[in-house]
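Trainee: Work out the full structure: start from the sequences and follow the hints.
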Amino acid sequence: MTDLVWTAGSEPPRFTILLAHGAGAGHDSAFMQRMAEALAAEGAAVCRFDFPYMAERRTTGRRRPPPKAETLVDAYAAVLEAALARPEAAGPVLVAGKSMGGRVAAMLAGRPLDPRVVGVACLGYPFHPPGQPDALRLAPLREARLPVLVLQGERDEFGTYAEAGAIGLPAAVRLVAVEDGSHDFGPRGQSPATLKGNIRAAAAEIAAFAGAPSHGPAAKAEDPTEP
Numbered sequence: 001m002t003d004l005v006w007t008a009g010s011e012p013p014r015f016t017i018l019l020a021h022g023a024g025a026g027h028d029s030a031f032m033q034r035m036a037e038a039l040a041a042e043g044a045a046v047c048r049f050d051f052p053y054m055a056e057r058r059t060t061g062r063r064r065p066p067p068k069a070e071t072l073v074d075a076y077a078a079v080l081e082a083a084l085a086r087p088e089a090a091g092p093v094l095v096a097g098k099s100m101g102g103r104v105a106a107m108l109a110g111r112p113l114d115p116r117v118v119g120v121a122c123l124g125y126p127f128h129p130p131g132q133p134d135a136l137r138l139a140p141l142r143e144a145r146l147p148v149l150v151l152q153g154e155r156d157e158f159g160t161y162a163e164a165g166a167i168g169l170p171a172a173v174r175l176v177a178v179e180d181g182s183h184d185f186g187p188r189g190q191s192p193a194t195l196k197g198n199i200r201a202a203a204a205e206i207a208a209f210a211g212a213p214s215h216g217p218a219a220k221a222e223d224p225t226e227p
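For what it's worth, my numbering labels the leading residue of the sequence shown as 1, then goes sequentially.
Don't take every hint at face value.
Stated by the list, open to error - List of simulated lysine to any residue pairs, SDA-like, C-alpha gap at most 20 Å:
#1 Lys68 - Pro130
#2 Lys196 - Gly186
#3 Lys68 - Ala139
#4 Lys196 - Tyr53
#5 Lys196 - Ala207
#6 Lys68 - Gly24
#7 Lys68 - Arg111
#8 Lys68 - Gly43
#9 Lys196 - Arg142
#10 Lys68 - Ala23
#11 Lys196 - Gly165
#12 Lys68 - Ala135
#13 Lys68 - Ser182
#14 Lys196 - Ala30
#15 Lys68 - Arg155
#16 Lys68 - Ala40
#17 Lys196 - Pro52
#18 Lys68 - Tyr53
#19 Lys196 - Asp180
#20 Lys68 - Val176
#21 Lys196 - Gly43
#22 Lys196 - Arg34
#23 Lys196 - Ala208
#24 Lys196 - Ser182
#25 Lys68 - Ala30
#26 Lys68 - Arg57
#27 Lys196 - Ala40
#28 Lys68 - Ala25
If you are wondering where the hints come from, they were derived from the structure by calculation, not from laboratory data.
Mentor: Written as structure tokens, this is what we have:
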């Protein structure tokens, strides 16, 4: 099994989050490191890891395409089991991921899980491939047995915040906009938003969500047409 990489702040953690990478970059990408640090500042014990195909890339140097997302669910389940057995894990637990990693986390939440796992956080959910808005990938969100938080860039090429809000997401999915954000949460240069600010805001939303499932079902997706 892949190594677990833990990040935590100076205070005892209030919750734990497993953070899976996207299709093209591993646990140590700039986005993953920035997000782990921001989550740690919000009181999380953050566990990052590489899926087996990414670990193989590091060993062989060969960049094969990632496998289908559904084939990675067992690997995520094994990481979850290992992480829950570690002393670093504390408080309620979220399964989460960037892009493809969030999709796999949502698939995992379609299974019965340890009761310490209270929700799913998707950072830039890949609602559809770029340029293919009709090829929607909604089954993991609809079949998840836990509340789901989706943080979606307003300009995400895998499905903008407005697109996602118009789909009609399940009641257990809470959709939150990342201001002027791309798939990596980065805003345009003329935007008042900043990448650092967007990542910090996303981390704060996730920290609040970590305590939300115990207070009942997650809110319905926000309507981007509302003021």
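Trainee: Going back to the hint list, which numbers does this structure go against?
Mentor: The structure breaks hints 4, 8, 9, 11, 13, 15, 16, 17, 20 and 25; every other hint is satisfied.
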